[in-house]
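Chemist: All chains should be modelled from the sequences, with the hints used to inform the complete structure.
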Amino acid sequence: MKNKLNSIGNYFKDFGTALAKGDIWVKLSLVWMGAGYAARKQIINAVIMTLLEAVFVIMCVFYAAPNLAKFGTLGTVQFEQVFDPLTLTSTVNDYDNSFLILLNSIIALFLIVVFILVYISNIKTVYNLQKRKEAGKHINTFREDVRAMFNERFHITLLTLPCIGIILMNVLPILVLIAIAFTNYDQQHMPPSALFTWVGWTNFKSLFTNSTTITFGYSFGKVLIWTLEWAVLATFTTYIGGILLAKFINNKATKWPKFWRTLFIIAIAVPQFVTLLLVRNFFADSGIVNTICANIGLTDFLKKIGLVGSNLTYIPFLTNPTWAKVMIVLINIWVGVPYQMLIATGVLMNIPEDQIESARIDGANSFQIFVKITMPYMLFVTGPSLITDFVKNINNFNVIYLLTQDVYVTSDQMLANSNAKEIDLLVTWLFRLTNEYYNYKMASVIGICVFIICAAFTLITFTRTIKGDKEDQFR
Amino acid sequence: MKKQVRFVLRHVILLLLAVFWLVPIVWLVATSFSGYKGINTAHFFPETWSFDNYLALFLRPDSVVQYKAWFMNTLVIAIFTCIISTIFVLMVAYTMSCLRFKGRKGLMSFGIILNMFPGVLSMIAVYFILKSLGLTNSHVGMIIVYSAASGLGYLIAKGFMDTISISLREAAWLEGASEAKIFWKIILPLSKPIIVYTVISSFLVPWGDFVFAKLILNSGISADWTVAIGLYNMLNKSLINKYFSIFCAGGVVVSIPISILFVIMQKFYVEGITGGSVKG
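Line order of the protein sequences matches chains A and B. Counting with my numbering, you get residues 1 to 475 for the letters of the first sequence. Counting with my numbering, you get residues 1 to 280 for the letters of the second sequence.
Because the hints were derived from the structure by calculation, they are not lab data. Hints should not be assumed to be uniformly reliable.
Computed beta-carbon distance windows for the label pairs [claimed, not checked]:
#, chain 1, residue 1, chain 2, residue 2, range
1, A, Lys4, B, Leu15, 53 to 61 Å
2, B, Glu47, A, Ser310, 31 to 39 Å
3, B, Lys237, A, Asn251, 45 to 53 Å
Glycine is no exception: its CB is placed at the ideal position from the N, C-alpha and C atoms.
Modeler: Right, here's the structure in full:
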């Protein structure tokens with residue numbers, strides 16, 4: 001932390017020295033960004049910087065300024081439509097679209113920040129040029145600058161395009177999401193016909209409120225607990241299942257291991273949305289499995305022992321909260337175990353055979369070998385990916401959504417009030433809030449919560465792998 | 001004698017497990033040849049067999065089924081997504097693995113955290129950004145959605161490149177090769193397994209996604225859709241009784257090329273992962 005503060009301090013200190021010690025051309029660069037280059041005969045650089053500056057000024061005047069002026073209120077002019085009976089056309093007034101103002105303001109702010117960074121580094125570069133000139137060192141021609149982009153500055157060349165993509169489709173949406181969490185953007189405030197505005201921390205408060213009108217606190221608690229339960233269950237069942245299956249197939253006593261492996265891979269090679277939608281109909285209340293269960297008397301048996309309500313003529317595989325949760329975990333085992341089996345197979349083949357051999361000679365049975373040698377080795381190699389799987393399961397949208405959408409109806413009035421269901425994960429709840437109820441403000445708040453949870457888990461694992469400098473250790 | 005019993009038992013267990021895993025797939029294939037169009041809830045196997053569902057898919061497009069169009073749309077989107085994603089992933093992976101520059105670790109951690117942010121959350125904003133660019137209901141928009149942020153998925157490829165010996169690059173430096181040349185001539189040829197993995201896995205994305213496709217291709221013109229939304233739409237409550245077996249046929253057809261690619265990809269995936277873990 002202290003290091004970071006120091007480096008930020010140095011960043012501005014360098015800027016200060018450049019300004020203080022720079023000659024007239026460096027100072028002139030404050031106003032005309034190309035000045036420093038022009039003075040050192042780097043004409044092309046000078047032209048590029050001048051153009052950049054011009055574009056930025058035009059952007060500020062025609063794009064940033066009008067939007068940022070309304071950023072504080074997110075617009076004041078309500079949408080109005082006047083129908084003219086004579087010409088049979090309707091005219092629309094020059095209304096404010098709150099969402100576009102928000103989006104454009106964020107883009108504008110982002111561009112301004114980027115420009116300031118470029119601006120500061122420009123001054124520093126120009127000052128460096130001055131120092132090189134004074135020391136009588138060689139000053140790069142444009143051609144040499146370009147060549148440097150493929151050598152010592154190759155990382156900039158490689159990262160530019162991917163970074164633009166990430167900013168456009170990842171960073172910008174996240175910033176918009178965070179902003180929306182502080183507004184009242186919902187079905188009653190939908191642009192263009194209505195305006196929305198800033199409301200401060202209200203949405204965050206209502207996420208933790210539980211009253212007769214707002215039940216978000218109750219739902220959030222329930223959904224969060226199930227999300228974490230689900231993530232733990234889904235991760236461990238498939239992980240252990242995958243290792244056991246891999247061990248079982250790789251055992252020397254098993255004939256045709258490749259054949260068996262292929263059978264399991266076929267099951268997961270079919271796209272997930274096809275299999276999951278299919279399985280949903282497979283286990284429907286009036287579906288084929290229920291017919292078979294009724295025929296063999298399983299339904300009646302389950303009724304007798306009280307697992308199925310006495311008023312039902314079918315097993316509510318995906319319509320009763322407890323049944324649905326169990327089924328979802330089981331179906332996820334069906335989906336996930338073959339994947340884990342594949343990975344485990346690869347890792348198991350690398351277990352040092354001599355260790356197992358010597359343990360066997362010492363009289364360990366296969367269970368002891370599994371617990372004492374195989375599992376620790378597996379955990380060592382696949383530990384980080386276990387946490388990644390856990391985070392992915394927190395956001396496992398497909399399994400829950402495809403299995404229960406249009407099928408599962410909640411009977412809990414408190415949950416229904418906030419549009420949640422017992423089997424919802426935070427992501428599926430959020431998806432329904434946006435797609436069916438247009439409650440963007442609450443969806444954004446939940447989105448931020450999910451992000452914080454996931455980021456926390458990720459940071460725990462990856463700070464160790466990245467900061468440990470392991471990457472150079474094994475080369 | 002005891003050994004033989006165990007041998008038989010072991011294979012019976014495996015057989016039972018395999019049956020359990022394959023039942024839905026068998027049902028999918030069987031139903032796709034059903035003569036009855038709705039869901040057959042009384043019998044596992046169809047009562048009448050017919051090839052008609054496949055003919056309906058390809059020869060009789062109607063307002064609901066436009067399978068050929070969907071397949072071509074998805075194929076085009078998948079090819080472009082695959083090209084852009086692969087280039088992005090390799091560029092980022094190489095930078096993070098082989099180049100050393102200020103702020104590298106910060107960028108890496110930042111990228112990993114961003115990558116944890118599920119796309120579903122930022123959906124609304126993505127939609128409006130594309131709308132303001134005029135790219136909703138267009139396949140270009142879909143390609144951007146699938147490939148723009150793909151650089152974040154660099155971790156596996158980086159892990160693989162980390163295992164490539166540094167002495168190779170040092171030798172190239174001594175001979176005066178530029179970083180760009182090292183990337184092209186040394187690292188890329190050695191990264192073949194992970195390139196194949198990246199190519200196939202990014203190719204598969206548009207075939208499996210229906211969340212973004214549904215959101216962005218929302219005009220209701222079914223000829224514009226991808227396979228995933230088209231098939232999803234057939235299971236609408238009002239359509240399911242007429243189209244369920246056609247849905248199954250569509251599922252089988254889309255599964256064939258995808259399974260083949262998937263099997264190839266898995267081999268390289270395991271190779272890439274374990275290749276890294278043996279040395280690391």
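Chemist: Indicate, hint by hint, whether the structure satisfies it.
Modeler: Now the hints, each set against the structure:
About 59 Å separates the C-beta atoms of Lys4(A) and Leu15(B), a value consistent with the hinted range of 53 to 61 Å. The given range of 31 to 39 Å is respected by Glu47(B) and Ser310(A), whose C-beta atoms sit roughly 33 Å from each other. At about 47 Å, the CB distance of Lys237(B) to Asn251(A) agrees with the hint of 45 to 53 Å.
The structure meets every hint from the earlier list without exception.
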